[in-house]
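Please put together the full structure from these sequences, using the hints given.
Top line first, the protein sequences correspond to chains A and B.
Heads up: take any position in the first sequence, counting from 1, add 85, and you land on the working numbering.
Heads up: take any position in the second sequence, counting from 1, add 335, and you land on the working numbering.
Some hints could be false.
Unchecked claim - In silico negatives: residues of chain A with every beta carbon more than 12 Å from chain B:
(1) Ser158
(2) Gly159
(3) Pro164
(4) Ala201
(5) Asp271
(6) Glu302
(7) Leu311
(8) Gly314
(9) Lys345
(10) Phe458
(11) Lys465
(12) Phe491
(13) Arg504
(14) Val517
(15) Glu598
As the list claims (entries may be wrong) - Simulated restraints on C-beta separations:
(16) A:Asp530 to B:Arg516: 51 to 61 Å
(17) A:Gly333 to B:Gly796: 57 to 67 Å
(18) B:Ala420 to A:Pro98: 52 to 62 Å
(19) B:Gly769 to A:Lys345: 54 to 64 Å
(20) B:His845 to A:Ala109: 16 to 26 Å
(21) B:Asp754 to A:Asp530: 22 to 32 Å
(22) A:Asn505 to B:Arg593: 53 to 63 Å
(23) A:Lys543 to B:His845: 18 to 28 Å
(24) B:Gly796 to A:Pro268: 51 to 61 Å
(25) B:His845 to A:Glu532: 51 to 61 Å
Claimed, not checked - Facing chain A, from chain B, some residues (calculated, C-beta under 8 Å):
(26) Glu747
(27) Glu755
(28) Gly785
The set of hints was computed from the structure by calculation and includes no laboratory data.
We treat Cβ as the ideally placed atom computed from N, Cα and C, and that holds for glycine.
Each chain, written out:
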Amino acid sequence: MAEAFPVKPKLRPTSSKLTPSPEAKYWRSFKIPKDIETTPSKSFTFPINSIAFSPLAPHDFVATHSASVSIFSGKTLEPKPTISSFSDTAAAVSFRCDGKLLAAGDLSGTVHVFDAKSRSHLRRLKGHAAAVRSVSYPRAADKLHLFSGGDDSVVKYWDVTTEKSVFNLLGHKDYVRCGDASPISDEMFVSGSYDHRVRVWDVRVSNASSVMELNHEKPVESVLYLPSGGLIATAGGNFVKIWDVIGGGKLLYSMESHIKTVTALCMGKVARGSGEEAEENRILSVALDGYMKVFDYAKLKITHSIRFPEPLLSVGFSPDCSTRVIGTSKGNLYIGRRKAKVESEEVVGGLQWKIVEDDPGRKVPRPSYFRYFQRGQNLKPSEGDYLIKRPKKVKMAEFDKLLKKFRHREALVAALNRRNPESVVAVMEELVARKKLKKCVSNLDTEELALLLAFLQKYSTMPRYAGLLTKLANKVVELRAEDIKSSDQLRSCIRNLKRDVEEEIRIQQSLLEIQGIISPMLRIAARS
Amino acid sequence: MFTGGKSFVSLPPAFSNDAKRLLVCTGNTVSIFSTSTGLQTCELEGHEAQVTSVIVVPATNPTSKVLCYCWTSSLDGKIRYWDFAAPELMKTIDIRFRIHSMVIPSLLHPRNDSTGKLPDLYAYISTEDVKQEGKPSSFGIQKCNLTKSRIVGGVTLAETRKPGHVTISPSGKYIGTCEKRKLRIWEIPAKDSEHVGYKKVRLHHTRSITTMAFHPTERVVAAGDVTGRILLWRGVGRETFSNSKSSNGRMNTDGEDRPGVRDTDDADSCTTWHWHSSEVNVLFFSSDGAYLYSGGKEGVLVVWQLDTGKKKFLPRIGSPLLYFINSPDPTLSSISCADNQIQLLRMPSMEILRSISGIKLPSSHMDMYEGFGSVVVFNPTAGLIAVPAENYRVQFYSLFDDREISQVQICERNHQPGDEITVKVNLVALSRDGSTMCTVETRLPEEGIGSLVTLKFWVCGSQKKQVSLSTVIYEPHRDAEISCIAFRPTGNMAVSSSHGGDFKVWVHRHELTPKDETVQRSGWKCHAVGSYKKKPMSTAAFSSDGSVLAVAADKVITLWDPDRNTLLAVIGDSLEPITNLTFIGKSEYLVSASASRGSKSSNPQLTVWSMSKLCVAWSYRLDIEAITCSMDDSTFAVLARSKPNGSADESSQHAEDMILLFNAEKAVPLSVWFVSKAQGGGLSFVSSDEDKVSGTKATDEVLAYINGAREYVLLNPHSEQDISRQRGFTNLDDTDTHGYASVYGELPEFSLKADQTAFPSMPSGKTWKGIFSGPSHALPPLPKLCSDFLESLLERRSGVVE
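Following this line, the structure appears as structure tokens:
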């Protein structure tokens, strides 16, 4: 016995692109949340130089732009009031390891320390002779010191409480534009400069010279200590280099897939499932070419890349893997967020508990109650139970049901009302196979005919459907000329259709002209 | 010589008494199928012409249920009596008339054995007396004494102009036949003897009646006509058949209270039901007489409640219905469908249990469209043929086993049997190893709108069971129809040629993901397009080593390098377009056939080309239907049609189709066979298996010929020795569990020490589900059921266990 086949549209050619890898899916899942009307619509007009995430949950983040620092809530992504007590453009920002304090450098050469919560101005560290473009707190446990690097090519190690510089670390011969603290040691940090050098400093060795010097061969725009503390990634020019610090400053890999200058690096994580082992570290790099690339430094491979329409200046990734922020030179902030699932489960758990509590009070219903007849209807099967499944109900579209009843005109109208051109064309093809299309067209009343004409106007020049629809449009006009003449609505439909068809004819003619120009050239090229 | 591909649905089948076997008339033989497995178990061979009826001797008491006797009649004028369990021929009666139909009413009567002597057995047969040339043969219904093996002289119930099918009532009391617009019904006396009078009734209608049925208990007759109406006469023959006592009183009531009854027809009332849109083919009363089953061209079985006229349906059977038969087991009945399929139904619920399918018959519509030739395709290595069927399927049929292997749905569309065909699978091609199938389906346009040609590539899994779709290509040659598809014998390449003037070479490609080579996408892609002077390409062929591609462009043959797509040579200039092209094995010859299909004044030609010299080796003036070549040597066979009658110089009787076997080097045919119905037939060399066919060597090839009616024959091309075959019938084995086991499963085995007296349980004749399935009104009466039910529960002690 033959089963009932639904009407299906023609298959489309599958793209030769491969299905996205799980990693690409993961990075694509960072989407602009719909409930927040910030970014990129709410832009700052000035370049966003720096982004930093708080190390503590809920991982608030800050972004510097012009002479202010904006703090965003990590939970809702809503902007909190900005700190704008800078005399010049703010350039660098860093959270203390406990997330309570916030340090920012500005172009006047001052490093400001704020309370992250109250936004009150706590300290001003003055000492740099030129703009401070790099500020970083130690990442492990030290709460009293911070490093800064400035355009005066000096790196300073500050004691924050006394507002005094402990060391002046000299060695760079050009602007120091970036720096990062070691994730495992409070005394180690790294700085990068426009003299192509990256220097690793250890404050325990106070002879004011660097422990290690690496040559990036391009002005260094960003430098990043990788979580193990043994590797450093540096960005400058249009490439990113990975160095082994413990192994004596050996170059491990040079990633050269950006087209323009790489401006910022940050650590990203791929969370697969739950648990620590499921997380894998990645380097996120952004560049002026508008690409964000995800680099797997374990396999030394680019695993994903996304394009943004503007040059990118800064990037940040929340430690809980939920938020990814990118700042652009035009002041737009691209915030991507993944959907969290954990919270909803907790709610469910609470409800179940309630039900269980209620149960002992309830007696087994007696047959005199209505509830008696409903008992057990919501019972879930236990593991050992043998389940008898109800045969799955076959979902049928309305036009399928109507076609099954041989109500052809109604099926066509139902398909037209669904506004899915593929299914409309599929229904039309089925009607052709039943030799009923002409009859359907001649039976349509005025409004349905207007619907059909509007459909034809929209799609009859589309190459996928043109083969069927242009002929059909011709037929419709031929068959229903009288009705069209008598109705204003239909006449306007026909006018639109005519306009579109004339446009298409013009396009085709110009294409033919182009072909005429090209084909002799191709002929000649083939001969030579 | 081994034949196969018979029609299962030329006649109604018959169930055996235990409903475990189904007897089906298949040409000259009767094939017996097991109803539990759907496989053929044995065959009754003996008749020399088509078998026209098979009647199983019904069981009169429960003990005789196991007896398997049947009567068959045939067009060769013989009636035979068989024991079909053995199978063994018991008796033959020669009556020298062609028998079109036979009924034996006395089998259905309860025999009265008071005298201790069995009364004579009488059959009523619809005969044809073939007279000399020129005169129409006369038909009649005659009586035959089966016990004494002779026709009862002088008893001719009716003379008709056409062979009539005789219908018998389930009680055996009446027989009837429908003839044009009237029904004739005779009452068979309870004590039948050679000289009895027959009472008869005629019922008239305004349309031609196609089928009729008798009610099992009452005097109700149903008839279906060509317009789809069902007529139901109640109280038929109340005057004639009942022992008339007060005829005067009855005459007065005439004309007053007989709604729907025509003129002087002897019936109380006549009701008309109209649901079918065309001819009613099936009419059958259920055994309790409460329901009437009807079916027709729409392929829907309709169940009418007799008292109320309410309907129930079994829709989408997919093919016009021809016969409906119920079995002695009330839970089983069968429907014969026009697509050569017998469906077994579980009864009250009307589910299709299984189907017994023969080779798909060619559609009656297929001749209507030019280019809709649905030629069967051979898979020479596996001995399979692929047959395109009407319901958008391709059937794989095993030539050696003579049974269906599988079916593939080519186009996902519902098939309505009665409709005009607008979508059609019109080309099927199989690669040499059978791993790839290519199909072309065409949708005809409605007034120039919406025609579509779709090319599909399929991947056949192991054992030809799973076939999966690989690639779909819409409009491969714009809107032009594809004329031919050929696979390259070596490697994954196919070529499709179109009437639109170009051919395309398709190649199979695998795509591996660059990262981890696990995900594999494979598909067919266009490799090259070629055309020659915009001439329509009618056929294409690859040479056996795959290095040369020959494409016929109208009247010339173009030779191409398939890999680089360069034209190598152009040969020939025949008078008519070339229709067939084949490279002969591994030899250097190419054979082409040309004829313009359809036109009568053609110059058909069979030409053998030498590829080394690029010229004609020899040629014949023959109208070729099919060409095949053997795989290894240089022999090839052609199927040549006889000349059309218009231009025949001989008399039409001698114009026969023939199969000619040639060696390419010589123009003298090696052997010739005469065949019939070559139109739309096919021919192929098929490699034979040693296990299946004896009489040929293991390496030998067998020539398979299938005619237009889808009957095939396997010939041994090289010797006179016939191909005989031990047919691999399966034994009738019943794996159903009975009684206790069917409900509760197998009993755990007891250790003998614990229980010395093991009672072997006796399986009852019926399963539990069989007893109680269905609505209560359809069940047999409770007293009948009760004993069965208890019997199935009881454990019977078969003997004393020590």
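The hints, checked one at a time:
1. Ser158: Label holds. Min Cβ-Cβ 39 Å, cutoff 12 Å.
2. Gly159: holds, 34 Å
3. Pro164: At roughly 40 Å from the nearest Cβ of chain B, Pro164 (chain A) sits farther out than 12 Å, so the non-interface label holds.
4. Ala201: Label holds. Min Cβ-Cβ 43 Å, cutoff 12 Å.
5. Asp271: holds, 41 Å
6. Glu302: Nearest chain B Cβ is 31 Å from Glu302 (chain A), so the label holds.
7. Leu311: holds, 24 Å
8. Gly314: holds, 30 Å
9. Lys345: holds, 27 Å
10. Phe458: holds, 26 Å
11. Lys465: About 28 Å separates Lys465 (chain A) from the closest Cβ of chain B, which puts it past 12 Å; holds.
12. Phe491: violated, 9 Å
13. Arg504: holds, 21 Å
14. Val517: About 3 Å separates Val517 (chain A) from the closest Cβ of chain B, which leaves it inside 12 Å; violated.
15. Glu598: Given a closest Cβ separation of 22 Å, the condition holds.
16. A:Asp530 to B:Arg516: 51 to 61 Å: With a Cβ separation near 45 Å, Asp530 (chain A) and Arg516 (chain B) fall outside 51 to 61 Å, so the hint is violated.
17. A:Gly333 to B:Gly796: 57 to 67 Å: holds, 59 Å
18. B:Ala420 to A:Pro98: 52 to 62 Å: Distance hint for Ala420 (chain B), Pro98 (chain A) holds at roughly 60 Å.
19. B:Gly769 to A:Lys345: 54 to 64 Å: holds, 57 Å
20. B:His845 to A:Ala109: 16 to 26 Å: holds, 23 Å
21. B:Asp754 to A:Asp530: 22 to 32 Å: For Asp530 (chain A) against Asp754 (chain B), whose Cβ atoms are near 27 Å apart, the range 22 to 32 Å holds.
22. A:Asn505 to B:Arg593: 53 to 63 Å: holds, 60 Å
23. A:Lys543 to B:His845: 18 to 28 Å: violated, 40 Å
24. B:Gly796 to A:Pro268: 51 to 61 Å: holds, 56 Å
25. B:His845 to A:Glu532: 51 to 61 Å: holds, 52 Å
26. Glu747: holds, 4 Å
27. Glu755: Glu755 (chain B) check passes; min Cβ-Cβ to chain A is 7 Å, inside 8 Å.
28. Gly785: holds, 3 Å
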